[in-house]
Amino acid sequence: MNSTAVSTGTEGTTWGGGNQPLKSSYGKMMMWFFIVSDALTFSGFLAAYGFSRFKFIDYWPIADEVFTHVPFLHGQELPMIYVAFMTFILIMSSVTMVLAVDAGHEMKKNKVIWYMFFTIIGGAIFVGSQAWEWATFIKGDYGAVQTKGGNILQFGTYVTNDGEEIFKRIAVEDFAVATYTDRVQHESKKGIWFKSESSLPEFSVEDIYSGLESNSSILVRSQAINNDGEKTVLSREESLNQIKKNGKRYIKGANLEVNEYGASLFADFFFFITGFHGFHVFSGVVINIIIFFNVIIGTYERRKNYEMVEKVGLYWHFVDLVWVFVFTFFYLV
Amino acid sequence: MADHAHKLEIFRGLIKFKSNTQKIWGVLLLLSIITAVEVVLGIYKPEILMSPSMSPFEGGFGATILNILFSVFIYTKSLNLIFIVLTIVKAYYITWDFMHMRDETKSLRRIVVWTAVFLICYLIFILLQEGGYIESVYTDGFIKRDF
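Sequences listed follow chains A and B, in order. Mapped onto the numbering used here, the consecutive letters of the first sequence carry residue numbers 1 to 333. Mapped onto the numbering used here, the consecutive letters of the second sequence carry residue numbers 334 to 480.
Wrong hints could be hidden among the right ones.
[To be verified] Pairs of lysine-lysine residues, derived as DSS-like cross-links and limited to a Cα-Cα distance of at most 30 angstroms, are as follows:
#1 B:K477 - B:K349
#2 A:K245 - A:K139
#3 A:K55 - B:K351
#4 A:K168 - B:K410
#5 A:K55 - A:K195
#6 A:K139 - A:K248
#7 B:K439 - A:K28
#8 A:K139 - A:K195
#9 A:K304 - B:K439
#10 A:K168 - A:K139
#11 B:K410 - A:K231
#12 A:K109 - B:K351
#13 A:K311 - A:K111
#14 A:K311 - A:K23
#15 A:K245 - A:K111
#16 A:K28 - A:K304
#17 A:K108 - A:K23
#18 A:K108 - B:K351
#19 A:K23 - B:K351
#20 A:K190 - A:K252
#21 B:K340 - A:K311
#22 A:K304 - B:K351
#23 A:K23 - B:K477
#24 B:K349 - A:K23
#25 A:K252 - B:K351
Keep in mind that the hints were calculated from the coordinates and are not lab data.
Just chain A, with the same shape it has in the complex (with noise of 0.2 angstroms):
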């Protein structure tokens, strides 16, 4: 029965598997390696990202006039407080990730549970938060006209304020004003049953020209970007003639197709990466509850060592360490 098992006598000597150079479980040591793996997916990512931005680095987005809300606090333009606060709480949850493994090293169950229960919470908070960075940048706020090559063109105004002037911009529903249109929305019931187009924009160009005709104070900006790092505002003459020379369509918001703030591509990598790593959080939150109740009907206690909540926490901070990264790529570089 036992022949087939050779005993070769070198079990537990140095070359026999009783050497352990990295002196780190399997468990914990795989997950490095996924790490590794994961990192440098992020990083293919966030590279590609440089790579369109620096294709395009005189019309890329300027991230600050983007994303500048901040809920339940409308109308006011607050650049990056409330990613701040994003970062600020994905920070936190690994502060109680790590004192929950630092706890579980300590066989202490009840304080591993309460900071498994702090982490969750917190990764709940961050992902609801970037739900809610999402639904604002697909609304938009101001509207902008599509330029026949694809450009973006700006509405807004030269206002004065504590002494400087400065370009505010104008939402094109405060000048436009929509007229009757023939053209209607084509819907599949209506004709050739597999040809059928999305909702009709607010506005077409025609309208949008004569309101900006009528607002003598109204000037188109571009997407260029000049040396002071601003975008580039046109004459009143020169703006007129882009609208009606070259728009296309009139666009609110953002999607994969376009971007009312400017290269359709931001817009891409911004729902590519940051949902990945949305979805990154996601599934830590659902591996972390695992863990949670398996804390909670002692599995680890029985095992008598908590290193299952070490690897989820490495995995944890891995997702923190990710969001540094697009923190500074997307939001403030």
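Since chain A is already given, all that's left is putting chain B on it; use the hints.
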């Protein structure tokens, strides 16, 4: 695992914490301060930091070599450079103290960190170089991309 030993020094031994818990709160404080500095700099954007800190070297082959060596100071805005450095500092403390890299063996640390750092640097170099090249073709080449 009760005898699990933690290294309690940060800043190369400048600050030594009494317990692991205390170290965690100390690192949180550090990370929060760095994030706060980033946010403040990002909102106010001091004029002095909005341009690169060095201007390109002029002249022959030697100047080109110097431009490559000092490229981060010549072609990156000082503010962006500060953001990137602060990000790496934050990443270091998250990995070393929250992920307990400080307590792992030297070989595990090197397997993880060197592999990732090498491959990421390579990736960034190649993609950014190519992006910059395409930008130069769009700008200086005989290509019209806006109709």
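Evaluated hints:
Note on K477 (chain B) and K349 (chain B): the hinted pairing is violated, with a Cα-Cα distance of about 61 angstroms set against a maximum of 30 angstroms. Restraint check for K245 (chain A) and K139 (chain A): the C-alpha separation of about 27 angstroms stays at or below 30 angstroms, so the hint holds. With a C-alpha separation of about 51 angstroms, the suggested pair K55 (chain A) and K351 (chain B) falls outside the 30 angstroms cut-off, and the hint is violated. Distance hint between K168 (chain A) and K410 (chain B) is fulfilled; the C-alpha atoms sit about 26 angstroms from each other, no more than 30 angstroms.
The hinted pair formed by K55 (chain A) and K195 (chain A) fails the criterion: a straight-line CA distance of about 35 angstroms is larger than 30 angstroms. A C-alpha spacing of about 20 angstroms is found between K139 (chain A) and K248 (chain A), which places the hinted pair at or below 30 angstroms, so the restraint holds. Distance restraint check for K439 (chain B) and K28 (chain A): the Cα-Cα separation of roughly 15 angstroms lies within the 30 angstroms cut-off, and the hinted pair is therefore satisfied. For the hint linking K139 (chain A) to K195 (chain A), the alpha-carbon distance of about 26 angstroms falls within 30 angstroms, and the restraint holds.
Proposed proximity of K304 (chain A) and K439 (chain B) is supported: the alpha carbons are some 27 angstroms apart, at most 30 angstroms. For the given pair, K168 (chain A) sits about 20 angstroms from K139 (chain A) by alpha-carbon distance, which is consistent with the 30 angstroms threshold. Distance hint between K410 (chain B) and K231 (chain A) is fulfilled; the C-alpha atoms sit about 17 angstroms from each other, no more than 30 angstroms. For a cut-off of 30 angstroms, the pair hint linking K109 (chain A) to K351 (chain B) stands: about 23 angstroms separates their Cα positions.
With a CA separation close to 17 angstroms, the supplied pair K311 (chain A) and K111 (chain A) stays within the 30 angstroms bound. Distance restraint check for K311 (chain A) and K23 (chain A): the Cα-Cα separation of roughly 15 angstroms lies within the 30 angstroms cut-off, and the hinted pair is therefore satisfied. Between K245 (chain A) and K111 (chain A), the direct Cα distance comes to roughly 67 angstroms. Violation of the 30 angstroms bound is thereby established for this hinted pair. For the hint linking K28 (chain A) to K304 (chain A), the alpha-carbon distance of about 17 angstroms falls within 30 angstroms, and the restraint holds.
Simply put, K108 (chain A) and K23 (chain A) have alpha-carbon atoms about 24 angstroms apart, close enough for the 30 angstroms limit, and the pair holds. For the given pair, K108 (chain A) sits about 19 angstroms from K351 (chain B) by alpha-carbon distance, which is consistent with the 30 angstroms threshold. Between the alpha carbons of K23 (chain A) and K351 (chain B) the distance comes to roughly 25 angstroms, so the proposed pair stays at or under 30 angstroms and holds. The suggested pairing of K190 (chain A) with K252 (chain A) holds, with an alpha-carbon distance near 27 angstroms, which does not exceed 30 angstroms.
For a cut-off of 30 angstroms, the pair hint linking K340 (chain B) to K311 (chain A) stands: about 19 angstroms separates their Cα positions. For the hint linking K304 (chain A) to K351 (chain B), the alpha-carbon distance of about 26 angstroms falls within 30 angstroms, and the restraint holds. Note on K23 (chain A) and K477 (chain B): the hinted pairing is violated, with a Cα-Cα distance of about 60 angstroms set against a maximum of 30 angstroms. Under the criterion of a C-alpha separation no larger than 30 angstroms, the hint pairing K349 (chain B) with K23 (chain A) is consistent with the structure, at around 25 angstroms.
Distance hint between K252 (chain A) and K351 (chain B) is unfulfilled; the C-alpha atoms sit about 56 angstroms from each other, more than 30 angstroms.
Checked against the numbered hints given earlier, this structure breaks hints 1, 3, 5, 15, 23 and 25; the rest are met.
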